[in-house]
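Participant: Using our numbering, the letters of the sequence shown correspond one by one to residues 212 to 345.
Hints may contain errors.
Unchecked claim - Derived lysine to any residue pairs resembling SDA-like cross-links, with alpha carbons at most 20 angstroms apart:
(1) LYS231 to LEU345
(2) LYS313 to ARG258
(3) LYS220 to ASP340
(4) LYS313 to LEU338
(5) LYS272 to LEU335
(6) LYS220 to TYR233
(7) LYS220 to VAL342
(8) LYS272 to LYS231
(9) LYS313 to ALA280
Unchecked claim - Label-pair distances were calculated between CB atoms; the ranges are:
(10) LYS220 to VAL255: 38 to 44 angstroms
(11) LEU321 to ALA221: 17 to 23 angstroms
(12) SER243 to GLU331: 15 to 21 angstroms
(13) ASP215 to ASP322: 34 to 40 angstroms
(14) ALA221 to GLN327: 28 to 34 angstroms
(15) LYS231 to ILE263: 33 to 39 angstroms
(16) LEU338 to ALA311: 15 to 21 angstroms
(17) VAL342 to ASP264: 15 to 21 angstroms
(18) GLY334 to ASP251: 30 to 36 angstroms
(19) ALA290 to LEU223: 25 to 31 angstroms
(20) PRO250 to CYS229: 41 to 47 angstroms
(21) ALA227 to PHE291: 39 to 45 angstroms
Derived from the structure by calculation, the hints contain no laboratory data.
Since we're looking at a predicted model, the values are computed, not measured.
Glycine is no exception: its CB is placed at the ideal position from the N, C-alpha and C atoms.
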Amino acid sequence: LMQDEDHVKAILEQDAPCHKVYRIRWYTIEQSPAADAYPDVTVVDGRHVVAIDGEVVAWAKTDCEHPRAAEVSIETLLAFRRRGYARQVTMSWVASVLSAGKIPFYSHLLDNAASQAVAENLGLTHLSDEVEYL
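Based on the sequences and whatever the hints tell you, model everything.
Facilitator: Structure (structure tokens):
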């Protein structure tokens, strides 16, 4: 699939210009984590956050949602990375999505090593790699 990106882009550009190509890896999470997997997380206005001295330094929230599934969006401030906060906010979000009877999905750009490390650290189940043309 990814070997043919230039060919696909050429076909698509016959009808519409293609400005961006995104290579994305998708995962799902099948087991609900124990509550002690995210001790520093609170839920504020639907966001699962870690706050240090009143400042939100990491968060996870539903990016896209369907009656049977949801996709997470996460962020950790640069100065607070590599401390396990992304793991915690993601696990808290996963627990809430699974408790609602939905399937949680996680994705990242293929060249985002930090997000891939989070996925591997969480033991997520790889679903697919895809290419999006926009």
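Participant: Compare the structure with each hint and give your call.
Facilitator: Evaluation of the provided hints:
no., hint, in the structure
1, LYS231 to LEU345, "holds, 5 angstroms"
2, LYS313 to ARG258, "holds, 17 angstroms"
3, LYS220 to ASP340, "holds, 17 angstroms"
4, LYS313 to LEU338, "holds, 16 angstroms"
5, LYS272 to LEU335, "holds, 17 angstroms"
6, LYS220 to TYR233, "holds, 12 angstroms"
7, LYS220 to VAL342, "holds, 11 angstroms"
8, LYS272 to LYS231, "violated, 25 angstroms"
9, LYS313 to ALA280, "holds, 5 angstroms"
10, LYS220 to VAL255: 38 to 44 angstroms, "holds, 42 angstroms"
11, LEU321 to ALA221: 17 to 23 angstroms, "holds, 21 angstroms"
12, SER243 to GLU331: 15 to 21 angstroms, "holds, 19 angstroms"
13, ASP215 to ASP322: 34 to 40 angstroms, "violated, 19 angstroms"
14, ALA221 to GLN327: 28 to 34 angstroms, "holds, 29 angstroms"
15, LYS231 to ILE263: 33 to 39 angstroms, "holds, 35 angstroms"
16, LEU338 to ALA311: 15 to 21 angstroms, "holds, 20 angstroms"
17, VAL342 to ASP264: 15 to 21 angstroms, "violated, 42 angstroms"
18, GLY334 to ASP251: 30 to 36 angstroms, "violated, 20 angstroms"
19, ALA290 to LEU223: 25 to 31 angstroms, "violated, 40 angstroms"
20, PRO250 to CYS229: 41 to 47 angstroms, "holds, 45 angstroms"
21, ALA227 to PHE291: 39 to 45 angstroms, "holds, 40 angstroms"
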